[in-house]
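As given, the protein sequences belong to chains A, B and C, one line each in that order. Whatever position you read off the first sequence (first residue = 1), add 111 for our numbering. Whatever position you read off the second sequence (first residue = 1), add 7 for our numbering. Whatever position you read off the third sequence (first residue = 1), add 6 for our numbering.
Derived from the structure by calculation, the hints contain no laboratory data. Any given hint could be a false lead.
[What the hints assert, rightly or not] Mimicking DSS-like on lysine-lysine, the simulated pairs with C-alpha atoms at most 30 Å apart in a straight line are:
#1 Lys285/A with Lys61/C
#2 Lys503/A with Lys283/A
#3 Lys61/C with Lys15/B
#4 Lys262/C with Lys220/B
#5 Lys283/A with Lys262/C
#6 Lys98/B with Lys113/B
#7 Lys61/C with Lys851/A
#8 Lys262/C with Lys124/B
#9 Lys858/A with Lys61/C
[Unchecked claim] Selected chain B positions facing chain C (Cβ under 10 Å, derived; list incomplete):
#10 Leu57
#11 Gly62
#12 Phe64
#13 His65
#14 Phe121
#15 Arg168
#16 Pro172
#17 Leu191
#18 His195
Here a beta-carbon is modelled for each residue, glycine too, at the ideal position from N, C-alpha and C.
Residues per chain are reported as follows:
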Amino acid sequence: MTNHWVDLKNTDCALIIGSNAAENHPISFKWLTQAREKRGAKIINVDPRFTRTSARADIYAPLRSGTDIAFIGGMMNYILQNKRYHEEYVRWYTNATFIVKDTYGFDDGIFSGYDPEKRKYDGAKWAFEMNEDGTYMKDMTMEDPRCVLQIMKKHYERYDIELVCRITGTPKNKYMEVIEAYAATGAPDKVGTIMYAMGTTQHTVGTENVRSYAILQLLLGNIGRAGGGVNALRGESNVQGSTDWALLYHILPGYLNTPEAKKHPDYATYNAVETPKTGYWVNKPKFLSSLLKCYWMEDDPAKSYDYLPKRIDGKNYAHIAMFEDMYKGIIKGMIIWGSNPIVGGPNANKEQKALANLEWLVAIDLWQTETSEFWSYKALERPTDKDEYDIKPPEEIKTDVYFLPACGSYEKEGSVSNSGRWMQFRWKAADPVGESKADLEIVHKLALKIKELYAGSSRVEDEPITRLTWEYGHGDHPDIDIIAREINGFTVVDGKPGPQVANFTKLMDDGTTACGNWIYSGVYPADTGNPDVDYLARRRINTDDQVDPNYPPIGSYSQWSWCWPVNRRIIYNRCSSTPEGVPWDPNRASIWWAGEEWKGNDIPDFGKTTDPNGPGGRNAFIMRPELVGCMYSKCNEGPLPEHYEPWESPIKNLLNNQDLNPAVTVFEPDKQGTTDKYPIIGTTYRVSEHWQSGIMTRTQPWLAELMPNCFVEMSEELAKDRDIKNGSEVIISTTRGDIKALACVTKRFKPFLIDGNYVHQVGVLWHFGFNGYAPGEPANRLTPHVGDANTTIPEYKAWLCDVRRA
Amino acid sequence: MQWIPEYKGDVPRVERFNFLSRFTHWGHTVTFLLCLFTGLALFLDSADWLAAIFGGFHGAGLVHRIAAVAMTIVVAVFVVGNFKVLIAWIKDILRFGKNDIIFIMKFPLEFLGFKVKIPPQTKFNGGEKGNSMLTPTAVIFLILSGYIMWFPAIFPAGLVRLAYPIHDISMVLATMMVCMHGYLGSFHPGSGESFWGMWKGTVREEWAEHHHKTWYDETYGDKASGE
Amino acid sequence: MARMTNLYDVSKCTACRGCQVACKDWNQLPAVIEPFTGNYQTHESTNGDTYTIVKFMEGEDPVDGIYWNFLKYQCMHCSDPACMSVCPQGAYSKTSWGATFHDPDKCIGCQYCTYACPFEIPKYRKREDKITKCTLCVDRVEEGLTPACARTCPTGALTFGNRDELLQVAEERVKFLRANGFPRATIYGKLELGGLNKLYVLTDTPDKFELPIDPKVPGQITFWQDWIQPYFGWLIPVALAGSAFSFVTTRILANKNGDHTEGGHE
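When you get a sec, could you build the whole thing from the sequences and use the hints?
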């Protein structure tokens, strides 16, 4: 989230798209209902099906799964054509004024620089014109035909209302209602927020979906303002934390790219390649140096950089790619930690088959997951004879499986980072049950054991382990206080931890500081000896003080826990004020220019004393090299979001002749379903009552009672067509497999009128597996191995299937 | 003081009730009284103390249900096993006529012990006919409503709600009739002889002729039809 | 003590059913998994092991389109509860602050209350042969806590407090809702049955939430309660007294006539 949960109360209009916030983020509605009650805010929900969120929304508009860019593109077109955008904001805080080089081009769904062989773009073709002094060439009138605003106008003029509705299946009157309500937030004193989740990201165009929201928000002047922002609602209490902490293959903690072998052969090259010339990222070498110092405290960063594992250049290590490698027998062993891919992974049949190729598997979880029992007869059972992947029976599986019981979150202490980037410490409430252990304890003992096994080795290739600094106290459980201090960073004195640094501005690139994650630097700045005071994530002061009589507080609650960066609750908050530094709306003032410095209800995301009328006084996006919000930017599939159909789609692309996103990797071309056999759109989703792959909820009788069965929601029209009774058993099939589920026939799903024909869509809950009090079949046996062009996040949300009576 | 008229075995006697009639009558008496007392224990605050006899409310509830089932069986046995008698009984009730009306009009005086002139009666006099109509009806309602209350889940809610007052009204009516019937059939000097009719099966011939002239004549006297 | 009550504002409820679980947790009620009926609702109504449920009601309005209404359903804690008046054992009582409390120790499982209740709330728990129902968390409230359901509600749809104050809040909410797209918004429980100790803010008419528009204690129950029980029962003592009187008079008259054998007519 650019903003945070409490801030939702400040909005005038919330556009919930690709998210079922009421069901999967119930707390969001605490604040949205306040916004409605106190500000008369409107809540808009755009979703293929009428959900519990829709039931609480003021406007509900259906759209076919996978057509977000068409939907948002149509909105942008309307806003651009009717000049409903926030002009001053767009002029000063976005790259709308930037002139694009004439190498940029766009023809029938393909941008310039495309290599169809490699399915890759050369992004250099989309660059901006530069002035001779190295600054960006701009046209402040935004009328130059090659300025970003004009290019966008041209790009999106094809997205007219009629065509968009033919693609998305949204009734035109509903679409217009949404556009009117949301475009109203383009007024300078109005703010709208976009709330999204997996319905947005889990597509072959997931990244561009999010970017389309960001562009819309920049156009309407809604970024960096209280009640605005692009807000990713995280599906777990600590997804934000795990991303910050690099639970993805392409980053190190703090969003530093992981090195690639040829591109970044050494420390100096990495810094040269990865460090931009402008923006705050010019400090990147300091962050990398401090991180390396934290890992190998006794070594010089230039040397310890070599200890970092390097990726094969350009190789994809994401979930799907990893399981494809496992399927091919390349990966031999796996530690699977708090994850359950044969329920939660895409194409679960294939992933189950892939697991059998492992020599060993260590599963760590609270309960025996389906994945830890992938070798069992229960895992073998299928509702029909169709077996696309030739799943092996137990007697043929040779994998050694080890299960380590982990304890629950209430049985351990530590911090989690919520969607709003708040790092909140949680105290332990009860001792772990039985032999279960805290995750940290497991990793700690594992690390110590590995170090012990390598002890005494003088081989140079063992140095990453033998020289690794692992000093976290003497108990079985590492000392959390030591870890928290290391996260914050400290000055290294004689190869040992010295005084704490105040925040990341004090980090150095010469190996004199160590810091576990630069964005969290500042969470443990002082050293009075009382962790309750020093460790700011432990703070629980719930006051929202007024700092200026002219500007009421905005719900920052700055002394409750701590949030990165430097406790700044709303990022890009320079945008909350006019170019001259006066809040756009005095009732929702984030920061303002007080004559000599910036003051505010929040920590300025800007030079504290930078005069708004002086040099750089309007560079609101300090993290970008362009120093402004980028509507036109670089993604693997182009500089502007363009609508492409899902990999499995019931229709041809009506906007261009590229059906699939041109930059997407197709892993299994033979498993593409077609409309003749699979005419129905399928999607998967969650419900309030269960959590993720259901391991923590299907094992809980009271929660199992609430949602005991895997069901598939479908329209009354489809049920009538297929002679399916409400509550009866049905079989859903795709080219990847079949599952059995119960039919939930409802008025809340309606067939979509797509380009003159009715197309049905069904939705399956994906929480179920064969274990627990509420067993059911994993919906992910249906989903394909295809993902987003940038992140490879799987396409869980739009695929083709068929439904019949069981 | 004499309670029940003395049994006289040395005078001519005629049969009034067959064995099954007597057996079911007394079976019904016992089960009804058990239901009554357990029911009162359960539902009448001032009769809570009765529950102690049955081992508390739970015990009283159990006895109530067991007795209710037994009562149902008794009624069923009578209806099935004594079908002819039942038909005769119903026929007799249907012969409700002027003599019965006069009986009922004069009954209060007789009830108090005055000597009154009453026209000849059939097997059951006007009062008994009234009892014969009211009590079985009440009992049938008691049984039906009782089962509805016992298994409310399988009946419509409206019917269950109706069952409560019906059970209650039937109980009051039946209990009232039982009181009167018990008294008249045992302790009342005039009609007390009928107690022996229900206990031993026979009544004094002279009493039968005196109290149920029409029945006596039709069964044992001049008008007896070849039996 | 002032009347304390729950205010449940359906316009804020997202049907997450945290209240349903919190209730089972606090009251330590077992889970009872029922067959799937094609609806999100877990149970048709409350049952012996489920004091509160969230109902899901979907429909289509020709003007407003699809609606999906949610309603937390439990004991309404009536001010003059029918359950209490029919209970033969006096197992029900009203607390000073308005909860209708059912004492399982006194309950004999007769289920009169279930059918007397206009909302059919008290439910039979077979394994104990007792009636159970929502207690309004008497055990929590009397220790200064809020009921478990209100404590857990994430959106603020469910609150607990002084009934008069909550009634004012409810009036304000209804005013707001009527002006903001819900012209038929209404309060439920303010006047119904003389004022319930559960207040609802509804976004539509009560029938759209499967609530009786004008709840009444069933006629059979009131008739029985008000007429049969107080008066009709006297027939039994009257019959007994009459018999006793007759017993005496017959014997007096018989003594007078010197006739021992033949009372009655001649």
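Okay, the hints, checked on the actual structure:
1. Lys285/A with Lys61/C: Measuring from Cα to Cα gives roughly 28 Å; hence the hint holds.
2. Lys503/A with Lys283/A: violated, 50 Å
3. Lys61/C with Lys15/B: Judged against 30 Å, a Cα distance of about 74 Å means the pair is violated.
4. Lys262/C with Lys220/B: At roughly 27 Å apart (the allowed maximum being 30 Å), Lys220/B and Lys262/C satisfy the hint.
5. Lys283/A with Lys262/C: violated, 106 Å
6. Lys98/B with Lys113/B: holds, 24 Å
7. Lys61/C with Lys851/A: holds, 26 Å
8. Lys262/C with Lys124/B: holds, 19 Å
9. Lys858/A with Lys61/C: holds, 16 Å
10. Leu57: violated, 13 Å
11. Gly62: violated, 13 Å
12. Phe64: holds, 5 Å
13. His65: holds, 7 Å
14. Phe121: Holds: closest Cβ of chain C sits about 7 Å from Phe121/B, inside 10 Å.
15. Arg168: For Arg168/B, the interface hint holds, since the closest Cβ of chain C sits about 4 Å away, which is under 10 Å.
16. Pro172: holds, 4 Å
17. Leu191: holds, 8 Å
18. His195: holds, 6 Å
When the structure is compared with the earlier hints, violations turn up for hints 2, 3, 5, 10 and 11 and for no others.
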